[in-house]
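Produce the entire structure from the sequences given, and follow the hints as far as they go.
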Amino acid sequence: MRIFKWIKPLRFLIALCLVNMCLSFLLEPAKGSSDTMWTEFYQEEEIDFAFVGSSFCSTAFVPYVVDEIMGVNSFNMGTPLQAIGQTVSAVETLLEEHKVDTIVLGTGFFVLQYETLDEAELTFEKARARKKSGWDAMEDTLSYIFDENVRDTEKSINYFFPWTYNRQKITKDYIRNNVVDKIANMKAKLSGAGDSQSKPESAKGLRPGAGVVDYGTAWEINSYWYYDQFFLEDKVEEFEEILQLCNEKGVDIVVINTPHPAFDVVSCYQTYETSENEMRAICEKYDVDYYNFSLARPELFDSIPEYYSDFEHLNLEGAEVFSESLCKLLKARAAGEDVMTYFYSVDEYYEQHSDLLEEWKAVQTPK
Amino acid sequence: MTNFYSIQFLVFLLISLLGYYTVFRKKQWVCLLIASAVFYAFTGMENFVFLLLTGFSTWAGARWIARCSAELKQIKKDKTIEKAEKDFRKVQVVRKRRIMMWGVVLLNFGLLAYIKFPENVLGLVLPLGISFYMFQSIGYLLDIYNEKYEPEANFARYMLFVSYFPQMIQGPINRYDAIGGQFMQEHTWNGEAATKAVYRIFYGLFKKYAIANIFIGMIASVFDNPVKDYAGCTVLFAILLYSAQQYADFSGGIDMVLGVSELFGIQMAENFKQPYFATSLGDFWRRWHISLGKWMRDYVFYPFALTKPIKKLGKWANKHFGKHLGRVLPPAIGNILVFFIVGIWHGTKWHYVIWGLYNGFVIAFSDIFAPVFDKVVEVLHINRKARWYHVFAIVRTFIIVNIGWYFDRIEDIKVALYSLKKTILNFNPGLFVAERNILTDGYQSYTVPLAVTACICVFVVSLLEENKIDVKSALYTKPLLVRWSVYFFVIGMILVSCSCVSTGGGFMYANF
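Respectively, the protein sequence lines represent chains A and B. Positions 186 to 552 (the working numbering) are the ones given, in order, by the first sequence. Positions 4 to 515 (the working numbering) are the ones given, in order, by the second sequence.
These aren't lab readings, by the way, just hints derived from the structure by calculation. Owing to the predicted nature of the structure, the values given are computational and were not obtained by experimental measurement. Do not take every clue at face value.
[Stated by the list, open to error] Here are the simulated DSSO-like pairs of lysine-lysine, each with C-alpha atoms no more than 30 Å apart in a straight line: (1) B:LYS76 with B:LYS89; (2) A:LYS193 with B:LYS471; (3) B:LYS93 with B:LYS311; (4) B:LYS322 with B:LYS311; (5) B:LYS315 with B:LYS93; (6) B:LYS352 with B:LYS424; (7) B:LYS199 with A:LYS193; (8) B:LYS315 with B:LYS297; (9) B:LYS297 with B:LYS326; (10) A:LYS193 with B:LYS30; (11) A:LYS420 with A:LYS434; (12) B:LYS314 with B:LYS79; (13) A:LYS193 with B:LYS315; (14) A:LYS470 with A:LYS420; (15) A:LYS193 with B:LYS475; (16) A:LYS193 with B:LYS481; (17) B:LYS86 with B:LYS99; (18) B:LYS352 with B:LYS425.
See below:
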């Protein structure tokens, strides 16, 4: 009789799990960014050079370019909307799984200025746990949901319902295509061919997209309008945690502020220098090299409009050129050259782009 | 731990329930005391100092008062003492009782005032649930003072009454005679009661997440943004949203705590009874935050109305202004005092005081001018028992309550008055569609339909309950498919609403 007492709630829980699984199967994207990145990460046997960060990272660094020039086996762990807290988690996983020599943290001021999106955080953590198996997956899940910053929040429960946070706009086509992709994945797995979503040409992390920014909207869509221009204390702490962790593990870490088009840099002229100085000061505190590629001189990286897909991200063409520039910088740095000569100071940069700055000042309105 | 929708609370609850119905089956109150201590420890160990101070002072004070009461009875019974001596000793004991009662009351309320009112100056963080457990403990002390029941001899058992974890977040303010006995009873697991309790918890989460949390940002974009100057219709819309948010947040939270308590077989005081179906402001306050209203009635209103000066005032009004005013003037003043205190309890800012006084004065005036209203009704041949009049009274009360919300929500009194003026004189409905889009800008496309659906659901449930239909019991008797469909719908709505807005587990009444 005692057993029968528990059957009622148990059958409800089983039904809830089944409904949850069905909804997740239908709505959770088969080719989500975090899922793709973690799938490919766990397929890599050896990584000695890694890029970490948010979409600034995933759209800026192209591992196959870097591998060829630097003679390393690199991997890009960047994913869209990845909060700095998740980057900490990515670095920890990276250092646990691989013997890494160099980490390039691809970032922007925005990373330290925005509140974490729960959806992005949950998607990232769920995808990572899913790529592990058995006990490791459970351990990963438990360590996330019982993390001191998570356990007293809704995230600790919502984590188990991925269709609520990891999905695209729901349309008939989306669901149909998603189901087709998922079935293909399952078939590939069953036949032992691995996950069908990881294609050799796109391995080593996500790829930047194609497309060029519409310069007609430059003064309406830019960092000035999108972001608050001050750093959040908890984000700075997490940023510092990465630097400290790398220092402790003896890993060479370089912080790269990925390039933005000139119109975007001038849009934040009132706060840009302060943000630049703050970011540099944080890195100096940990004796970490920091380079802002928005301020790069043309001989290092010629920031032409065709390289950007929007006001803050590079497209594939731009990312390939930028990756070459990065390699040039890293080689010069390794050779002991004074690489700061490759960069303008903020004042010099604004002087170089004074026409653009005046144009912005003429159209700028208060937020 | 204060977030009921979290893995931490879920694990805590499951462990507590397991212990309660198994290992501690013969000493269930001990399990609850341990669970309450653990729960409170998560909010900060330093908070125990305040909890213990209140607990010990009211427990010891009540014991002392009870001893004095016994001594007084003894003196009264004793026929060996002379009358003069007897009177002298009676006065001494009565004075001792009163000094002790006032001493404990002032100590606790002084502490509350010290922590709560100058919070910005002292920088002290308000311990979780302090005013709820303090009101509850003072209620107990006054009940003992009034010899309503015997004091609790066991300090640990008394501390369970003070610190019982479900009530710590936002009440209700329980009474010892209603809940103390339940702690000592042996409770066995009851599947039906547990199912209803779980449903209540989910219904509370539904209100909190699918309504209250979704409206926070929309309301804030109207009232917390001095740059934008919205039309009167949008201001009114935001006030209506605030009305819904307040109800969904507070009553949703109360549903959760009562549901959690019901899992342990403990029935706490109900705090809401469809307040927006009230037919007068007085009726509204008998349906909204009921436990606070009852506390104020028993420990402030009646004692105040029975003081000699107020009685004298009643007699004076009776003599000079007639029977009606003689009867209603003392309670009218009592109501104004009660709502003044309720206003201050909400916060030290002036807008809360104005909001409290507004409620007090409206209730006082409606009592004082009742004969005038009766006359108007009589002249117009209005049948107060007619259905339409009932609906009219509900709508009228809803409007009066919402006028009050302007002063509750808008911190600057000038802005509140300006907003009220704009609602009346510059309604401008033509601007509503454009301005509503600004309010919902940045939300997922399904956010507003979801919140509207949730509001309709809550309205239907409230309507059924107003018509004496117990929805939980009715649902329990329905076929499995119907029940599960409702459960899945509620759970789905909660989950989806979490993806509409940033998380926000905190309750509006958690910091009181």
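Hint check:
| no. | hint | result |
| --- | --- | --- |
| 1 | B:LYS76 with B:LYS89 | holds, 11 Å |
| 2 | A:LYS193 with B:LYS471 | holds, 28 Å |
| 3 | B:LYS93 with B:LYS311 | holds, 21 Å |
| 4 | B:LYS322 with B:LYS311 | holds, 16 Å |
| 5 | B:LYS315 with B:LYS93 | holds, 26 Å |
| 6 | B:LYS352 with B:LYS424 | holds, 22 Å |
| 7 | B:LYS199 with A:LYS193 | holds, 13 Å |
| 8 | B:LYS315 with B:LYS297 | holds, 25 Å |
| 9 | B:LYS297 with B:LYS326 | holds, 27 Å |
| 10 | A:LYS193 with B:LYS30 | holds, 28 Å |
| 11 | A:LYS420 with A:LYS434 | holds, 21 Å |
| 12 | B:LYS314 with B:LYS79 | holds, 28 Å |
| 13 | A:LYS193 with B:LYS315 | violated, 64 Å |
| 14 | A:LYS470 with A:LYS420 | holds, 16 Å |
| 15 | A:LYS193 with B:LYS475 | holds, 17 Å |
| 16 | A:LYS193 with B:LYS481 | holds, 15 Å |
| 17 | B:LYS86 with B:LYS99 | holds, 20 Å |
| 18 | B:LYS352 with B:LYS425 | holds, 23 Å |
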